[in-house]
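Take a look at the letters that make up each chain.
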Amino acid sequence: MIPTPFTYKRAGSAAEALELVAEYGDDAKFLAGGHSLLPLMKLRLAAPEVIIDLSGLRDLSYVTDQGTYVAVGALTRHHDVEHSDVLARDVPLLAHAAGQVGDPQIRHRGTIGGSIAHADPASDLPAVLLALDATLVAQGSGGTREIPIGEFFQGLFETSLEPDELLTEIRVPKPASAGAWSFQKFSQRAIDWAIVGCAVQGGNVALVNMGGTPLRAAGVEAALADGAAPSDAAAHAAEGTSAADDIRATRAYREHLARVLVSRALTEASSRA
Amino acid sequence: MKVDLTVNGKDISADVEDRMLLVHFLRDVADLTATNVGCDTTSCGACTVLLDGESVKSCTVLAAQASGHEITTVEGLATNGEMHPVQRAFHQEHGLQCGFCTPGMVMAIVSLLKENPDPSEQQVRQGLEGNLCRCTGYHNIVRAALAAADEGKVSA
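Quick mapping for you: the protein sequence lines, in order, are chains C and G. At position 198 of the first sequence (counting the first as 1) the number is 198 in the numbering used here, and the numbers step up by one without a gap. At position 121 of the second sequence (counting the first as 1) the number is 394 in the numbering used here, and the numbers step up by one without a gap.
Calculated from the structure, these hints are not laboratory results. Do not take every clue at face value.
List of simulated lysine-lysine pairs, BS3-like, C-alpha gap at most 30 Å [what the hints assert, rightly or not]:
(1) G:283 <-> C:42
(2) C:9 <-> G:426
(3) G:275 <-> G:426
(4) C:185 <-> C:174
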């Protein structure tokens, strides 16, 4: 399978990427690692006329300790997030979850920024960063702005990024108790997307693939805040969700999985804390 | 567009369509047909090659993205007519049946052992999660990976 014809442009800097997207507008798409976009293009579910390759923006691949938060460059590959000493120490949930994305080959190419900007609710890292209360930094023609991750995901593959904006950095606040984390992912085969997944950091609980966007399990978080035991709090996991019925699972099965995985995640997180 | 790749140590320049996939560049332009197209959906790993020394699925990389980079295919592993330790281990441990997944398996293991020269059996199995064998040959493939790691320890 090959994509529909397009024009390939390689940007050498963020400024050049923004110039290119200003020039080509809606016909253009940014390409980071390409492991979400290229498969869609091969299936002809996406057919951009211009591809702006960001792989030349090497200065956007980094993980740095900024005191109260860890800054991760948007073009940092999953492999590098997985093996970051800073993240292993301060945000082990993110380092671990990055190592659960796809397979080693995919992690050698796919990037954290690409995964977030693609906004597939079945992807692992959007929910993980939601549980971590991350802040996203976007650069556009009008300058740079910060977007709280809670305002970022607008719908299936839709974000609050403007068409001429580039996601440049993910800022992850260091959790008060870094060890109180868990990531649970249920899939049928090793490299599948999660049928349902769950990320827990302290009292924050986020769900993978339980709606059109990654979701915070507000009912679970409220019950935990009221002092509920993990298994009792987990009973609220499907509240406010809108999981799909599809060939992989029914909605009822996904809701069941959400309760089971949240219970396991809360138990594991509290045992680690 | 013009792309310049180094494939198995040899510089190859060509005019290709912007949309050409790396696997098609390797097979149709570089005439290196050991790298197979299997699922064509980033799942099976049959098309695994090394890009700057790391395993990637060449069905999900554009030739244009690989321009300026070094690619190694299974044809590039042997030196002076002598098989690479991973190739030798596949031979010794009978790590293949039909052979379709083998080039990708070998390249995935070369990359895995570079990152972790002394993996446990569990780490090998997890490290090969992106490569499918439909002959149910995983046991001997894992044995081959572990044998190649052992040989690396002896020669190191």
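Okay, the hints, checked on the actual structure:
1. G:283 <-> C:42: holds (29 Å)
2. C:9 <-> G:426: Judged against 30 Å, a Cα distance of about 44 Å means the pair is violated.
3. G:275 <-> G:426: violated (42 Å)
4. C:185 <-> C:174: holds (23 Å)
Taken one by one, the earlier hints fail for this structure at numbers 2, 3, listed in ascending order.
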